[in-house]
Amino acid sequence: MKGMMHLKPLIDDDSRTFWEGAKNHKLMIQWCNDCKKYIFYPRIICPHCFSEHVSWVEASGQGRIYSYTVVHRAMPPFNEQTPFVVAIVELNEGVRMISRIIGDREKISIDKPVSVVYEKIDDELTLPYFQLS
Amino acid sequence: MKSDRIAAIVGVAESDLGVVPGSNVLRLQAQAAKRALDDAGFTKDDVEALFTAGNWARFPGLMLAEYLGIKPKYLDATDIGGSSYESHVIHAMAAIQAGLFDVALITYGSTSRTSPTRIPSSLTLRYEDPFGIPSPIGHYALAAMKHMHQYGTTSEQLAEVAVATRKWAMLNEKAYKRDPLNIDDVLNSPMVAEPLHVLDCCLVSDGGGAVVVASAKAAARAKKRPVWVLGHGEMTSHNNSVCSMPDLTVTPARESGRRAMEMAGITHKEIDVTEVYDSFTITVILTLEALGFCKPGEGGAFVSGQRTAPGGDFPLNTSGGGLSYCHPGLFGIFLLIEAVRQLRGECGERQVKDAKIALVNGTGGTLSTTATVILGRD
Ligand SMILES: [Zn+2]
Chain A
1 MKGMMHLKPL IDDDSRTFWE GAKNHKLMIQ WCNDCKKYIF YPRIICPHCF
51 SEHVSWVEAS GQGRIYSYTV VHRAMPPFNE QTPFVVAIVE LNEGVRMISR
101 IIGDREKISI DKPVSVVYEK IDDELTLPYF QLS
Chain B
1001 MKSDRIAAIV GVAESDLGVV PGSNVLRLQA QAAKRALDDA GFTKDDVEAL
1051 FTAGNWARFP GLMLAEYLGI KPKYLDATDI GGSSYESHVI HAMAAIQAGL
1101 FDVALITYGS TSRTSPTRIP SSLTLRYEDP FGIPSPIGHY ALAAMKHMHQ
1151 YGTTSEQLAE VAVATRKWAM LNEKAYKRDP LNIDDVLNSP MVAEPLHVLD
1201 CCLVSDGGGA VVVASAKAAA RAKKRPVWVL GHGEMTSHNN SVCSMPDLTV
1251 TPARESGRRA MEMAGITHKE IDVTEVYDSF TITVILTLEA LGFCKPGEGG
1301 AFVSGQRTAP GGDFPLNTSG GGLSYCHPGL FGIFLLIEAV RQLRGECGER
1351 QVKDAKIALV NGTGGTLSTT ATVILGRD
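Chains as they are written, first to last, in the working numbering: chain A, 1 to 133; chain B, 1001 to 1378.
Be careful, since some hints might not be right.
[Stated by the list, open to error] Straight-line C-alpha distance at most 25 angstroms; calculated DMTMM-like pairs for lysine to aspartate or glutamate: (1) K107(A) x D1045(B); (2) K8(A) x E20(A); (3) K1295(B) x D111(A); (4) K112(A) x D1247(B).
None of these hints come from the bench; they were simulated from the model.
With the rest of the complex left out, here is chain A (with noise of 0.2 angstroms):
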């Protein structure tokens, strides 16, 4: 995974909690207080009612591919991983995320369960990927 530097998210407000939280192995989403619904990609007002009241809550980890595809040609740095899998997991608080799958690839499908697991990019960066369940 050399060469990603220049890959790394922005840190400001909006990411801190859950960028601190994968490198501490904790899937970190928010909450809005008032609609009680669940939201991803964090941001500070909530996308469902517009309220201010968001809150930081540790998601389950679980979940299930919404849908995923085996990426053959990538960008540097990626181009040096392929074949690799893309997914969208669909966390069972019911947001979705981009994510990779790792794991034996046959056995990938859409709708089955997959967990959470951290990749340590390096001493500032872990990503949070899946694998089946």
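Assemble chain B with the ligand onto chain A, guided by the hints.
For chain B with the ligand alone, kept in the frame of chain A given last:
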């Protein structure tokens, strides 16, 4: 047809297309603008409003106006990806309806073939870029995989779109790819992001285009007969992340298309020729479903048996599309150009006989936004 005659497209043109080394986005737009104004029988001095899209300058609209020597009293540089130009036609018509101007020049230019630019990560895509999803193809691949899983759509059905579109390109001397193509060629082409192969993807070209929109009053003094905007609709679903798209198999064309058809007061049966954005083969299948030409899930069957090819009963993407004619990045303007030429009867070998009404649907981002325009001649 119930629509009033408010605004018409009176001039269309492409710039040089394909591989245009040494050019730039301003040269291409100027070239297309000159040709489209000539086509209309108008001059630069007729232009009161200027529209463009693209991220090639800090203030693209201002730079273009200065380069062209136009001082527009109305400037719109809305960029919503591939549907920008359908959107521009809609905005121009709204402004004409409001009495703000009579003549608008809409231009596009891109050198994505000879000088590609890589878009930096953004505030909202930073949660996905580190996972290496190639954009936009990865997002369209996710949609294709979902459609296949949900409805049993096959790679062969996707390939039908590429093959039929190539047959149209073979009838268009301006098309970049004109050699014969069959379904096995598509299926045997290298995989990029499953289930999409290289030949499921649009071209990457240089090129530009221009469209002149006029009020009914100004259209009366144009050189060629007007192609009226009979109906239109726009809809936005999400930004570039398909994670925020409610259903990966349903594009916003369901909404923009419905409103456009309602405004025009027409049914599907009255449409003679259809031009929809074909960034990828799956885009076409999803769009035909969303526009209501078939039911959800039936898009694969709909395009089977080369139904959309020349001689088939559903003429689609008659220029050869982004898949085979050209694709500098925002293909929407070329959909409009082709639809206008079909309605004027200027398409020679690929002419759809007696075409009176065309549906044009641009798709921008990653199935993020659509703009539908219904065009018709008297
Ligand atoms: Zn809320």
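The hints, checked one at a time:
A distance of roughly 64 angstroms separates the Cα atoms of K107(A) and D1045(B); the hinted pair therefore is violated under the 25 angstroms criterion. With a C-alpha separation of about 13 angstroms, the suggested pairing of K8(A) with E20(A) holds against the 25 angstroms cut-off. Our distance criterion of 25 angstroms between C-alpha atoms is met by K1295(B) and D111(A), whose separation comes to about 23 angstroms. With a C-alpha separation of about 18 angstroms, the suggested pairing of K112(A) with D1247(B) holds against the 25 angstroms cut-off.
This entry does not satisfy hint 1, going by the numbered hints stated previously; all others are met.
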